[in-house]
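Engineer: Chain residues, written in single-letter form:
2 protein chains.
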Amino acid sequence: MPYNELRKDFLLDRWVVIATERARRPTDFAKRRTEQGQTSICPLHPGNEHMTPPAVLLYLNSNGKIIKDKDTATLRHKNWVIRCIPNLFPAFAPPKVPFDTSDIMKTDNFGHAVGHHEVLVESPNHDEHPANAELPQLVHVIDAYVDRLRDLSANPYVKYISIFRNHGQEAGASLTHAHSQIIATPFVPAIVEEEIQASKCYSNQHCKCAFCDLIEKETNSERVIQENDHFIVLAPYASMNPMEFWIIPKKHAINPLNMNTAEKESFAKTLKSSLRSLKDLVNDPPYNYGIHLSIDKRMQDFYHWHLEVYPMLAIWAGFEKSTGVYINTVTPETAAAELRKTLNP
Amino acid sequence: MPYNELRKDFLLDRWVVIATERARRPTDFAKRRTEQGQTSICPLHPGNEHMTPPAVLLYLNSNGKIIKDKDTATLRHKNWVIRCIPNLFPAFAPPKVPFDTSDIMKTDNFGHAVGHHEVLVESPNHDEHPANAELPQLVHVIDAYVDRLRDLSANPYVKYISIFRNHGQEAGASLTHAHSQIIATPFVPAIVEEEIQASKCYSNQHCKCAFCDLIEKETNSERVIQENDHFIVLAPYASMNPMEFWIIPKKHAINPLNMNTAEKESFAKTLKSSLRSLKDLVNDPPYNYGIHLSIDKRMQDFYHWHLEVYPMLAIWAGFEKSTGVYINTVTPETAAAELRKTLNP
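Chains as they are written, first to last, in the working numbering: chain A, 124 to 468; chain B, 124 to 468.
FYI, nobody ran anything at the bench for these hints, they're computed from the structure. Do not rely on the hints blindly, as some may be mistaken.
Identical copies look the same in the list; a pair holds intra-copy or inter-copy alike.
No more than 25 angstroms apart at the CA atoms, straight line, and that leaves these computed lysine-lysine pairs for DSS-like [to be verified]:
| no. | residue 1 | residue 2 |
| --- | --- | --- |
| 1 | Lys131 | Lys340 |
| 2 | Lys219 | Lys387 |
| 3 | Lys402 | Lys374 |
| 4 | Lys420 | Lys392 |
| 5 | Lys131 | Lys392 |
| 6 | Lys464 | Lys392 |
| 7 | Lys373 | Lys323 |
| 8 | Lys331 | Lys131 |
| 9 | Lys373 | Lys131 |
| 10 | Lys282 | Lys340 |
| 11 | Lys201 | Lys420 |
| 12 | Lys331 | Lys395 |
| 13 | Lys392 | Lys340 |
| 14 | Lys373 | Lys219 |
As the structure is a prediction and not an experimental result, all values here were calculated from the model.
So that you can see chain A by itself, here it is in the shape it has in the complex (with noise of 0.2 angstroms):
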């Protein structure tokens, strides 16, 4: 399997995944606009394993006690409850041969989109989806992420983990069972970049992390949607999509890495009750939501870890899409009123 081929914008610091592993004839597409629809068989389904890849990552479950099993992992075992497998048709695929960190740029891998695309499956449940998750599956899920990023970023070509999830065909999820997407990349992301500049430029500045100084600004704002002892979730000041929301930890933490037992059961709690109050606010929409983090320790004073819940309510069009300039027809105060209310009827 050759690599994807990885490409800068020959004037702005945009990076693009030439995906040759899925690729397709431009007359594919004039087929798929007139024959959408879902394949009847899923995949992603119990009893379905021989038809992905073998699993990275399995948690079983043995006689009613969960055990991660990594050894055994490669095999194609039938009674998981979480399963992360490598992506059939990876954007990034793991290096062939020794692969010269010092610099991406360098050596034969430059321009190959060297990393890891993993599919995490978040439940046997086909529509076991985090807003009607069983809380103790939800917390298998967290857990997941967390192996994964602890293992992918041990990878020395690694610099940064996004993990995030589609929710609705609209918002480009093509397999409707519950899972989430995992995809490693040779460098750190221009969104994630300029955020933990701007991040070190602020702490710099004010001699103290930006998001722990929103979270004490923003705390009696009415943009809070609910607050409880380990997170804030809140619609941002400057929110780009309708109803877009953010859940931030309390404590100051570069990454998930090192949440506890209690912060994990709090994150599915409230990720679990937001992501219901949108769904119920607004006849369940499709979303996409993306952890920002970092890996680079040298960061971890500066940079502060949270999730970003983006509902496709609107669609980024001509001016968005030449200008990167945002119109919000819903202004985030209504979001989080309406938000709140739902939460708490």
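We have chain A; now place chain B onto it with these hints.
Structural biologist: Chain B only, in chain A's frame:
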């Protein structure tokens, strides 16, 4: 009418218009998702001028001769060939008080989305989209782009003018009648500003405009789709979208204001044939296009206007939205080859 609010992300150089003028209640989205569809009466159709605000620009057909009528533009003429009207729900609106242009962050204008937002009706004929348009009519469209660009950029509070087009409901076109949109903003948007700064940097290093250099280097590349005396059309090396292409003028110019008649006709011809090729190849896909330009004369040696076309054949999902890295499943070389073939069968 109060202003929309202009908000900046607390960390990033990312601006959002909180468009309270077109404000929606969150629950409207639930309704909209179940009751989608077009109203049967087209407000942009000749005879329905009473459904829209008075025009700011009209091209009138007077016994076969085209008259550009600005004086009578406030009247609701019926025999128009081009009609430009303020958007009923503008994202940016003209200032009601004298505007301090020295700093948009200062004074009473702070946080106000001051500017213009117009709809340019491209033809009295509902379906005269650029791919189908008669060439003389498409030249009128280009002429109108330039006329509005000239008029709007004369306002001291206008720092940028975005001319864009959304084709198809999935690409954000809420009306099916052939139309473009024009938005004038009180700041230079992030993507364009980054392009301008990178171009300036490139010019300083290479003693040459980055786009002029690109044209020279790409002329014989497999990414060229078509080329004529005045324009080159190419699939950019790091295309973000399947089948993306850019139309770049060969003559160095910061914006299209000084195009002569031959260049305008050539632009219309190039735009039509390129969009026609896309339409024929991929079954009339939804797309967005946007003109990138600068109205800042200090940048005239550095920046080079062009038009970018983004076919909407893939969904930007959780990974793209939270990282700013794009996955493109069609190589630009394949896209160019197929578009070229469809152009000249």
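Engineer: If a hint holds in the structure, say so; if it does not, say that too.
Structural biologist: So, going through the hints one by one against the coordinates:
1. Lys131 with Lys340: between (38 angstroms within a copy, 16 angstroms between copies)
2. Lys219 with Lys387: neither (35 angstroms within a copy, 52 angstroms between copies)
3. Lys402 with Lys374: neither (28 angstroms within a copy, 52 angstroms between copies)
4. Lys420 with Lys392: neither (28 angstroms within a copy, 55 angstroms between copies)
5. Lys131 with Lys392: neither (40 angstroms within a copy, 31 angstroms between copies)
6. Lys464 with Lys392: within (17 angstroms within a copy, 55 angstroms between copies)
7. Lys373 with Lys323: Answer is within; shortest intra-copy Cα gap is 18 angstroms, inter-copy 42 angstroms.
8. Lys331 with Lys131: between (34 angstroms within a copy, 20 angstroms between copies)
9. Lys373 with Lys131: between (36 angstroms within a copy, 23 angstroms between copies)
10. Lys282 with Lys340: The answer is neither: 32 angstroms in one copy and 32 angstroms across copies each exceed 25 angstroms.
11. Lys201 with Lys420: For Lys201 and Lys420, neither the intra-copy (38 angstroms) nor the inter-copy (67 angstroms) Cα distance is at most 25 angstroms.
12. Lys331 with Lys395: neither (30 angstroms within a copy, 54 angstroms between copies)
13. Lys392 with Lys340: within (24 angstroms within a copy, 55 angstroms between copies)
14. Lys373 with Lys219: neither (41 angstroms within a copy, 43 angstroms between copies)
When held up to the earlier numbered hints, the structure conflicts with 2, 3, 4, 5, 10, 11, 12, 14 and fits the remainder.
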